[in-house]
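> Below are the chains, spelled out letter by letter.
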Amino acid sequence: MESKGIAARFVASLVVGFARLVTAVRPEWRGCLPSPNPRVYFANHASHGDFVLIWTVLPPALRGATRPVAARDYWGGSGLRAFVGKNVFNAVLIDRVPDPALPHPIEQLGAVLRRGSSLIFFPEGTRNTTDETLLPFKSGLYRLAQENPTVEFVPVWIDNLSRVMPKGHYLPVPLLCSVTFGTPILLAEAEDKDAFLTRARHALLALRPGEPAQ
Amino acid sequence: MTAKSEFFWLSLGVASVLIVATIIGHLLAKRAGPEPNAVIVNLNQRIYAWWAMVGLVAGAFLFGKAGVILLFAFASFAALREFLTLTPTRLADHWALLAVFLLALPIQYYLIWIEWYGLYSIFIPVYGFLFLSIVAAIGGDTTRFLARISFVQWGLMICVFCLSHVPAFLTLDIPGYNGKQLLLIAFLVIVVQGSDVLQYVFGKLFGRHKVAPNLSPSKTWEGLVGGVLSASLLGMALWKITPFSPVQAGLIALIVCLMGFFGGLVMSAIKRDRGVKDWGRMIEGHGGILDRLDSVIFAAPIMFHITRYWFSA
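Going down the list, the sequences are from chains A and B.
Numbering-wise, numbering that gives the first Met the number 0 puts 35 at position 36 of the first sequence, and it's gapless, one number per residue.
Numbering-wise, numbering that gives the first Met the number 0 puts 169 at position 170 of the second sequence, and it's gapless, one number per residue.
Honestly, I wouldn't trust all of these hints.
[What the hints assert, rightly or not] Just the calculated beta-carbon pair ranges, DEER-fashion: (1) A:167 to B:28: 31 to 39 Å; (2) A:70 to B:28: 48 to 56 Å; (3) A:198 to B:25: 31 to 39 Å; (4) B:128 to A:106: 40 to 48 Å; (5) A:10 to B:205: 43 to 51 Å; (6) A:94 to B:271: 49 to 57 Å.
In case anyone wonders, no lab produced these hints; they're calculated from the structure.
Please read these numbers as outputs of a predicted model, since none were measured by experiment.
Glycine included, every Cβ here is placed at the ideal spot set by N, Cα and C.
Use the sequences and the hints to build the structure in full.
Printed below as a string of structure tokens:
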């Protein structure tokens, strides 16, 4: 187990170094600063590398306690992909189709937040491979906010990574990327699903480069 | 004098200029008082970045040919990354983009390493030009095809082909000057960058009339004339480290400064077209690496050909 831990840390620093070399990624903490409090970073999702990029720009001390939420059917199992998902990035694996015999994924995520970790969450539910800027959000983000009303939800716009590593390609083209962190939002009292998801969506879209700063 | 002692005196000269600049920057910041003045903050950022850049170039020079080629290959990589980031490419261009980074760039610098003039001078303008369009066509996406492929070819010409002419000076065989070609690179870089800095200084002190208000709000006639003339005199003063006579050195410096100025103008036009102010954020206070290298990129091939045609064996 110990050797696996060392290997995981080594691979993690390789991945971070590689992401930096290829994309020269820099964070822009526009609406908040890094914080060790449990948070939900919700981001647009267009590339397999998305959570790697968020992870890369987080201060190293926070990386260990910031866990991507990933699909068990893809990142689970065994082999290299599972090693990367479970050991290197310490992903929280959830079932896309909830198993009634197990705790519901939203409860699973709430438990992780209560233990003091932050989450990286992709509210579109899947990778966006269309020409649309952002797919409609699934209800997961709202349900997560309902269960954890005191947790800050930080919008994170990842720019350009979909051109670096588009769907179906595994060799990245080195292009500059940026990761912008917006002002955290909290579920308002009596706010319904559509209102919250619309607000979250606007908060995320406002971070795109070229949008007038607020 | 040997190349080593000349290199030592050059470094000392550049370092003294930077020390003076650093002191002036501090005095200006002090005089401006507690409220930070944007121009002075930017000036000091630029001066600190100059220390880093001069240190990097001097360090590469110590490793000779390998150091200089690696330095410029990396500069090409960073410049190309900035250029292509602003390129409206599409998914179908992925292979063409990969070919640019993984094949064209390393091959060009390898050809310079093995000093194969006949091939490195046509590799990108001919083979890169033709094969990139073939790769893009095989991608099958015809939307804005000509614009996309032109952009990639432009990036390759500017960031790799033109810039690679800086280390290419090492491949020139100049009678009575062999073993000293590094000093020609130092001459080019000092004159071009000196011209940029002097244009900035003259522009900030005396600038009134804009040269090209549509392209660049910061370029003035006063800056242009003062900067180019003083940098040409600087080039003339450096004739001892070149194979040129004082008059030749001054003339070449003048051509190099003018090319550098126009390089800045062309690259500004591209930035305007793409809707950005700087190419990137790599160098604090300056912007991206392309913002710093645009003048060198336009000056290097011209000075290379002048030197090769009239001075090499």
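> All hints, please: hold or fail.
Here is how each hint holds up against the structure:
no., hint, in the structure
1, A:167 to B:28: 31 to 39 Å, "violated (52 Å)"
2, A:70 to B:28: 48 to 56 Å, "holds (53 Å)"
3, A:198 to B:25: 31 to 39 Å, "violated (48 Å)"
4, B:128 to A:106: 40 to 48 Å, "violated (59 Å)"
5, A:10 to B:205: 43 to 51 Å, "violated (57 Å)"
6, A:94 to B:271: 49 to 57 Å, "holds (51 Å)"
Violated hints, in rising order: 1, 3, 4, 5; the structure is consistent with all others.
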